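Peer 1: With the hints as constraints, model all of the structure from the sequences given.
Now for the letters of each chain:
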Amino acid sequence: MISVIETHDLCKSYNGRIVVEHLNLSVPQGCVYGFLGPNGAGKSTSMKILLGLVHPTSGSVKLLGQTMNEENRIALLRKTGSLIESPSGYLHLTARENLKIIADLKDIDHKDIDRVLEIVHLTADANRKVGQYSLGMKQRLGIAMALLGNPRLLILDEPTNGLDPAGIQEMRGLIASMPESTGATVLISSHLLGEMEQMVTQLGILDHGKMIFEGSLQELRKHSRGGIQIRVLDVKKGIDILNRQGILTQPMTHHLDILQLPSISDEKLAELVRTLSENNVGVVGLTSETKSLEEIFLSLTQNGREVA
Amino acid sequence: MLKRCIQAENRKLHASPIWGLFFALPLISAIYGTFNYLQNLEILKDGWYSLWTQHTLFYSMFFFPAMVAAYAAYLWRLEHLGHNWNLIMASPVRPIDLFLAKFVVVAKLALLTHLFVFLLYAFCGKVFAHFPGFPPTILLAFLLRGAVGALAVIAAQLVLAMVIRSFAIPIFLGLVGGITGLLAGSKGLSLFWPYALMQAGMNANKSNDVLSGGGYILFFFSCIFWLVTMVLVAGMFLKKRDVKA
Amino acid sequence: MAGAFCVELQKAHRRHDLLFCLLVPLIVMLWTGSLLSPGPDELANAYSALFYSIPVANVLIFPIVMAVLASRLWDMEVKGSTWKLLYTLQSRRSLFLGKALFGIMEVLLVTFLEMGGVFLTGKIYGYTEAFPISQLFYLTGCTLAVELMLFFGAFLLMLLAGNPLLALCAGIIASLTGLFSAFMPKVVSYFVPWGYFVPLGTYEVANWDQAAHTVTYGTRPYNWGLLVFTVVLVMLLFYAAWRRVQKQEV
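Just so you know, the protein sequences line up as chains X, S and W, in that order. Quick note on our numbering: the first sequence kicks off at 94 and runs consecutively. Quick note on our numbering: the second sequence kicks off at -3 and runs consecutively. Quick note on our numbering: the third sequence kicks off at 108 and runs consecutively.
Some clues are possibly wrong.
Said to hold, decoys possible - Derived DSSO-like pairs (lysine-lysine); straight-line CA-CA distance at most 30 angstroms: (1) Lys186(W) <-> Lys222(X); (2) Lys222(X) <-> Lys191(W); (3) Lys193(X) <-> Lys354(W); (4) Lys199(X) <-> Lys293(W); (5) Lys361(X) <-> Lys315(X); (6) Lys293(W) <-> Lys8(S); (7) Lys354(W) <-> Lys155(X); (8) Lys122(S) <-> Lys293(W); (9) Lys204(X) <-> Lys293(W); (10) Lys186(W) <-> Lys199(X); (11) Lys172(X) <-> Lys293(W).
What the hints contain is simulated information worked out from the structure, not anything from laboratory work. The structure displayed is predicted, hence computed values, not measured ones.
Peer 2: Right, here's the structure in full:
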C-alpha cells in the first residue's frame, strides 16, 4: 500500500514543552484519513509540520513518496491543497480575484476557478468582496482554494467549521467521494466525531502529542466493543446464574428486565444464553452495544489506553 | 449611559501601549525646544515667551495632530476589528454617545498632555535657561486656549478614524492636517481652519498675543463651529451607514 | 520572482496604495511650493530655496508615509490570514522578495514624482535660477536611499509586531526627532539616521539678512560618505526583514 504521507519519529517541542512525540503517521493512498484528538493534542502542530510551516525538532516527513526538505517542499506542496486553522482570503478582493492569485501561485489555468467555485457553491457570490462574506462563505472559499488544480492530497483542518447543516452534509459528501472522483487522498481533522464517522476510512487518534491508535474505523470498533444487554423474563434467577458464572451484572435503571453485561466473546455469550434458557430464565432479547466513535474517543483519551 | 461609555473607552485606551506617545512626544518637544532656545540666545530675547514658542511651535503644528490621530485611530480600530461594530450598534446606547465617549477620553488625555508640556516647559525654563521667577501666568491662559482650539482637531480625527477603516491612513491625514494648519497660519487664516486653531490659541509663533482685540470672539466662534460641525457629521454618519462589520 | 511580483500587483487592486503614492509628492510640492512662493527678486535664488526646503519637508513627512506603506503591505496578509497559506504555495524568500520589490517600486514612484515636481514647480513659477541638474540627480539618490531605509525599517517593525501600531508610532516619533535633528548641529544629526535627508542635503543658508528678511543659499560638498552609509543601513534593514520572514514560526 503506497503511503501518501509518512512521518518517521516526528517530534516537536517548544521551549522544553513537548507537543508532538515520536509521531509515526501513515496515510495510505486513496483513503479519507481522520485525524482526531482533544484540544491541545498536537493535531494542528502536526499538520503544520506536514505542510512545512513548522520545523520539527527531530524526525522526518515523507510526502507523496519523497522526503520533504527545503528544496522540494514547494514543488510537493503545489500538488496538495490545504486549509489550516482559519480560512484565508484577502478581504479587499473578490473571491474570484483571490482564486486567481492562488491559481497563479500554483501555476494553474484560470479556467479551473469556475470549476471549484461551482463545487463549493460560491458562483453567485464570486464577485463580491470577501470582507463582506459570512464565516461559512469564507470557509467555502478556503476549501475552493484547496481544491484548485485537483491536488493529489488534501490536508484540511476542521473543514466544516462555520457551515450550516446543509453545508456540512455537502462537505461530507464531497470529501467522502474525493478518492473515487478525483483519486485524491484526504487528511482531515475535526471535532465533529459524528461527521467523521461517516466520512473516514482510516483514523489516527492523537493525545498529548502521541498517537494512541492508528488503523481503520472497523479495527477501532472491533477493539472497543461495547457491553451486552439481555432482556429476560426472570430477572432474579438470571442475576443468580450469571453471578455463579462469575459475571457481575445488574438490571438497567429504567428497564428492570434488561441485564447489563460487560463485553465478552461470542462463544462465551452463546454458552451463557444456553445456560440461561436451560434454567428457564427466558431470554427474550439480546443486543450488543457498539460504542459510537465519540464514546470510544472519549474513553481512549480520558482513561488512557484501551487499545494497545 | 454616557458615563459608562466613557469608563469603557478609558479602559480601552489605558490598556494599550499607544499612550507611550503621551510621554515621548512632549519630552522630545521639550528637549529640542530648550536646546534650540539655548543655541539662539542672540535672537530669542524674550525670556519665558521665547522659550514658550520654541516648546510649543512644532508640538501644536504637527505632533499634537499626529498624536491625537494615533489615539483616535486606535480607539476606532478596536471597533473595526473583530465584528465589534455589531456589538456596539446593538447595545442600548445611542450611537452618538459612543462617539462622544471617545471624544471625552481623547480630550482628557490631550489636556493631560498639554499640562505635561507646560510642566516640562516650566522645569526647563528654571533649570536649563535659568529664568528668574515663574512663567508668566498668561502662558497658562495660552495653554488653556490652545486646549480649546485642540478640541476641533480631536473631533475631526475621530470622524476620520471612524469613517476610514485603516489604522494608518487617518494618522497620515492628521499629519497632512497639521501641514494645512501651517499653511493656513502662514496665510493669516489660522482662525478659520481647525488645524490651525490650536497653534493660534497657544500663541506658539509670536510674542504678542495673536488673539487680542476681536480675535477672541472669532477664535471661540471658530472652535465651537468646527466642534459642532464634526459632531454633527459623526452623528449623521452613524445614523445613515448600515453596520458593515 | 517575477511571478511573485505580479501576484503582489494583483493584491494591490482596490487598495488605493498607488493612489497614495501619487498624492504624497503632490502634498510635498504644494507645501514647499506655496510656502516659498518666491517674489520676483527671489526667483534668482528659488531653486536653491526649494532644494533646501525639500529635505526638511521630507524628514517630517516620510517616516510616517513609509510606515503607512510598509504596514499596509503586510497588514493585508495578517487581516486575511493568508500568509500561512502563502508559505505553502511559495517559498518565504519568494514572498519576501515580491513584497520588497513592490515596496521598492512604491518608493521609486514617490521619489521620481517628487523630483519631477521640483522641475515642474520651477517651470510653473518661472524660476530664473539655472536648473542644477547634477544636484537633482544627487538629491534623487539621497532621497531614494533614505526612503528605502525608512521603508524597510517600518516593514521590519510591522513584521515584528504583527500589527501597524508599532510601525506608525515609531514613524510619528521618527518624524518628530528627525525634524528636530535637522535643526541641530550636524554632528547630532548623524546619530539620527531617519533624519538623514537633511545632513545629506547640499544646500544651506549662506546668509540671513534680518533687516531685509531675505535669505541667500549656498551649497556645500556632496556628502558621499553619509550616502554610502545610508545604503549600508538599507541593506542591513533589508536583510533583517528577510531573516524575520524566514524565521517566523506559524
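Peer 1: Given the hinted pair lysine 186(W) and lysine 199(X), is their alpha-carbon gap at most 30 angstroms?
Peer 2: holds (22 angstroms)
Peer 1: Hinted pair, alpha-carbon criterion (30 angstroms max): lysine 293(W), lysine 8(S). Please report holds or violated.
Peer 2: violated (42 angstroms)
Peer 1: Hey, lysine 186(W) versus lysine 222(X), does the alpha-carbon distance stay inside 30 angstroms?
Peer 2: holds (14 angstroms)
Peer 1: Given the hint that lysine 122(S) pairs with lysine 293(W), test it: the Cα-Cα distance must not exceed 30 angstroms.
Peer 2: holds (27 angstroms)
Peer 1: For the pair supplied as a hint, lysine 193(X) and lysine 354(W), is the alpha-carbon distance within the 30 angstroms limit?
Peer 2: Holds, because 28 angstroms separates the two Cα atoms, which is no more than 30 angstroms.
Peer 1: With the threshold set at 30 angstroms, check whether the alpha-carbon distance from lysine 204(X) to lysine 293(W) stays at or below it.
Peer 2: violated (61 angstroms)
Peer 1: Hint check: lysine 222(X) vs lysine 191(W), CA-CA at most 30 angstroms. Holds or violated?
Peer 2: Within the cut-off at roughly 20 angstroms; holds.
Peer 1: Would you check the hint for lysine 354(W) and lysine 155(X), treating anything up to 30 angstroms between C-alpha atoms as holding?
Peer 2: holds (22 angstroms)
Peer 1: Given the hint that lysine 199(X) pairs with lysine 293(W), does the C-alpha gap stay at or below 30 angstroms?
Peer 2: Since the Cα atoms of lysine 199(X) and lysine 293(W) sit roughly 53 angstroms apart, the hinted pair is violated (cutoff 30 angstroms).
Peer 1: Take the C-alpha atoms of lysine 361(X) and lysine 315(X), compute the straight-line distance between them, and say whether it is at most 30 angstroms.
Peer 2: holds (17 angstroms)
Peer 1: For the pair we were handed, lysine 172(X) and lysine 293(W), check the Cα-Cα distance against 30 angstroms.
Peer 2: Violated: lysine 172(X) and lysine 293(W) sit about 58 angstroms apart, past 30 angstroms.
The structure fails hints 4, 6, 9, 11 (numbered hints given earlier, in ascending order).
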